[in-house]
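Residue numbers (numbering that gives the first Met the number 0), protein chains in the order written: chain H, 0 to 410; chain R, 0 to 410.
If you are wondering where the hints come from, they were derived from the structure by calculation, not from laboratory data. We put the CB at the ideal spot given by N, CA and C, even for glycine. Take the hints with a grain of salt, since some may be wrong.
Stated by the list, open to error - Taking lysine to aspartate or glutamate pairs in the EDC-like style, the calculated list, with each CA pair at most 20 Å apart, reads:
1. R:Lys312 x H:Glu249
2. R:Lys153 x R:Asp170
3. H:Lys312 x R:Glu249
4. H:Lys153 x H:Asp170
5. R:Lys312 x R:Glu249
6. R:Lys312 x R:Glu300
Claimed, not checked - Distance ranges between label pairs, derived from CB positions:
7. R:Arg37 x H:Ile308: 46 to 56 Å
8. R:Arg296 x H:Ile158: 51 to 61 Å
9. H:His332 x R:Gly271: 37 to 47 Å
10. H:Ala41 x R:Lys153: 49 to 59 Å
11. H:Glu146 x R:Asp155: 46 to 56 Å
12. R:Arg314 x H:Pro181: 28 to 38 Å
13. H:Ala297 x R:Gly271: 55 to 65 Å
14. R:Gly271 x H:Ala41: 32 to 42 Å
15. R:Asp170 x H:Ala318: 51 to 61 Å
16. R:Arg19 x H:Arg296: 51 to 61 Å
17. H:Gly25 x R:Arg19: 53 to 63 Å
Protein chains: 2
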Amino acid sequence: MTDYPARSAQVIERCRQLARITDVPGETTRLFLSPATREAHALLTHWMQAAGLEVRTDAIGNLRGLLPGPAADSPRLLIGSHIDTVPNAGAFDGPLGVLLGLALIEELRSSDASFSFAIELIAFSEEEGVRFATPFLGSLALIAQLEPDTLQRKDDDGISLAASIRNFGLDPAELPATVADPAAAGYFEIHIEQGPVLEHEDRSLAVVEAIAGQTRLALTFSGHANHAGTTPMGPLRRDALAAASEWIAEVERSATSIPGLVATVGKVEVPGGAGNVIPGIVTSTLDVRDARDQVRRAAVEHLLESAAIVCAKRRVNVAHTRTLDQPAVPMDHRLTNLLAAAVTQMTGTPARRMPSGAGHDAMIVARRIPSTMLFLRSPGGLSHHPNETVLPADVEAALAAGTAFLRSLSL
Amino acid sequence: MTDYPARSAQVIERCRQLARITDVPGETTRLFLSPATREAHALLTHWMQAAGLEVRTDAIGNLRGLLPGPAADSPRLLIGSHIDTVPNAGAFDGPLGVLLGLALIEELRSSDASFSFAIELIAFSEEEGVRFATPFLGSLALIAQLEPDTLQRKDDDGISLAASIRNFGLDPAELPATVADPAAAGYFEIHIEQGPVLEHEDRSLAVVEAIAGQTRLALTFSGHANHAGTTPMGPLRRDALAAASEWIAEVERSATSIPGLVATVGKVEVPGGAGNVIPGIVTSTLDVRDARDQVRRAAVEHLLESAAIVCAKRRVNVAHTRTLDQPAVPMDHRLTNLLAAAVTQMTGTPARRMPSGAGHDAMIVARRIPSTMLFLRSPGGLSHHPNETVLPADVEAALAAGTAFLRSLSL
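Work out the full structure, taking the sequences as your base and the hints as a guide.
So this is what it looks like as structure tokens:
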């Protein structure tokens, strides 16, 4: 039919419908293998089967719909995103990629396109990591990288991951069967940008070149708590917060000087602090991301060094622990170039290429399967928030570009 | 006898003995009109009576020992400090002033000195403000400035101040009788410095010229919370913590440029903050003190203006509320000059004069009665801490200077 406005409206309406399926009435909160997940599976299964897909739930709870290829051993394109959410989420972070994937399949089937490959649509059960404080359970299982230890992790109610799988009627012993078919030759994920760049540039779409690498640190500044009224300014003070503040200003200044790099102090605490006490201890976080690993590593070293310099002159100690050190994950060149060509063709302007500052299932899947990602503009840069949304015209553009991409693809 | 080393040792031993009387076993925590206060009163009464004082407990729980003067209407010198403590306190903040006062009386009586005035030793029941979140209850009652509303304030157990007075066996209706005798012509308080200045200058004593005025503010910086990975550095960020940090550095820089002024940000919070989220809201405190009211007021205005400037360029809002605005309280010139002369005479070097950056009972009493204060060096600048201490030689110097001061005094 190629009525993209109608399909776009349907995709948005389906996302909204899914958002009403929640574990917490009055908001959208859908946790891994929860009652709401079962209900979401029922609705998605209905839509997938109506589109002609063979639907199954694998042992980690990923809902998977297969459109077989011309032969039993035809190469297979995976299209996916996740359907779990953060607490009090919006309707599009995750589900949009699943329902746009379904709409692409519907569009291609309605246009009688014939493909040399099979398509498997995957609604990953877990990306956000809320229930077991461990993200990417669904995609890790898909590439056989779910650590056996992870099955013993417990949720807030003391239920292990293994037990939660059994409680959902699935069998952890079947986890090997969740692994992607050896014929899987590509992975395509569509996601909202979750940032302000496309809106600022007034663009609908971007092609993701890489998932940025990420270093997270926890820092502790230790000075000396003293009476705020009786300790003069100057060298008799060892103010941990003044030290941390000088450093935070340097984090911002220094990161701003390196295009593409982001560095953020998201948390600062003054444990036991009081208005009339010079802070003795301050803890903070640091989050540094860049698509270029060497740039990120150099920035982290520079920022740690500048913390040491700021603190040394104040007789404040600074210590840090690295809580995450995750290299950048480049997307597949060939697939990404094809996707960019499709975007260029449909929008009439050269495709915007950008790194993703956030992690996505594609970051995991790309370890084993050539992967590519398409971003849609996030109005207000908003995500993980009930007001998160998408523009219908952007969904239309994604449908058009996605269709062109799939038509141009050989696997 | 004038054996200052022996008297000094006794003062310190008595402070330590009092510190073992506590509401919380294993630490020194003595709250207003608590069981420990009753026990402390018994011990102090014993010591005071042995020194020849007529002892009573007034209706706010101040323990008062009178050494009558030559006539019934002789002028009266008040000597005092407080015996309540902060939680997990040291032995000297407060009690030292009471027990040095007692030692001065013992010293003067043993040397058969004759005085033209009466001396009333006051152990104030409440200065720290822990139990009813209201400081200076004892000294406010002494000068008839305890607001009637204050009697309705409740402690953490829901007991009102009035009820706590009755539970201690006292009668709130008798509060008017707590007011200082009309003959009270001077107030003398000895206290630890609670700061590092005397230690840094290697001095035993200082004479307090004024209690610094104090402004306390609560500030809220409101930017916009965004994803730390997907929001580039620069104008698309409205980072409330980067704004607050730039301002905190300016607070320190600016206060350091004005000798005598102190300005401290003691608390910073990022409510709901997370390592991977650009802070949208930051709250902080600001505490500004100076013995010169116009200097303090100008500094507060400058710091609020610089917060506004820092925030405006970042599209961050800043709002503030003033939680305290307390003018400086000068000590009495004549008494302070006499005290300085006594210190100069006993130490052989010109007395160090300094403002007190902390509040003390003298700050309240001075509203009605000419007041003066003597500071003793605080090793490590430490107070409100179990390791708070005094040096025996400094206590000896205080005894010698205090004796000389009292001998030189006419009221």
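Against the structure, the hints come out as follows:
For the proposed pair Lys312 of chain R and Glu249 of chain H, the alpha carbon gap of about 17 Å is at most 20 Å, so the pair holds. Among the hinted pairs, Lys153 of chain R with Asp170 of chain R is consistent with the structure: their alpha-carbon atoms are about 17 Å apart, no more than 20 Å. A hinted pair counts as satisfied when its Cα atoms are at most 20 Å apart, and Lys312 of chain H with Glu249 of chain R qualifies at roughly 17 Å. The hinted pair formed by Lys153 of chain H and Asp170 of chain H meets the criterion: a straight-line CA distance of about 17 Å does not exceed 20 Å.
Simply put, Lys312 of chain R and Glu249 of chain R have alpha-carbon atoms about 15 Å apart, close enough for the 20 Å limit, and the pair holds. At most 20 Å may separate the alpha-carbon atoms for a hinted pair to count; Lys312 of chain R and Glu300 of chain R meet this at roughly 19 Å. Look at Arg37 of chain R against Ile308 of chain H: about 55 Å separates their beta carbons, and that is inside 46 to 56 Å. For the pair Arg296 of chain R and Ile158 of chain H, the supplied restraint of 51 to 61 Å holds, since their beta-carbon distance comes to about 60 Å.
Taking the beta carbon of each, His332 of chain H and Gly271 of chain R are about 40 Å apart, inside 37 to 47 Å as hinted. Checking the proposed 49 to 59 Å range against Ala41 of chain H and Lys153 of chain R shows it holds: the Cβ atoms sit about 55 Å from each other. In this structure, Glu146 of chain H and Asp155 of chain R meet the distance hint of 46 to 56 Å, their C-beta atoms being roughly 48 Å apart. Taking 28 to 38 Å as the suggested C-beta distance range, the pair Arg314 of chain R and Pro181 of chain H does not conform, at roughly 52 Å.
Hint check: Ala297 of chain H to Gly271 of chain R, Cβ distance near 32 Å, so the stated range 55 to 65 Å is violated. The given range of 32 to 42 Å is respected by Gly271 of chain R and Ala41 of chain H, whose C-beta atoms sit roughly 34 Å from each other. Remark: the range hint 51 to 61 Å for Asp170 of chain R to Ala318 of chain H is upheld by a beta-carbon distance near 56 Å. Between Arg19 of chain R and Arg296 of chain H the beta carbon distance is about 56 Å. The supplied range of 51 to 61 Å therefore holds.
At roughly 56 Å, the beta carbons of Gly25 of chain H and Arg19 of chain R sit within the given window of 53 to 63 Å.
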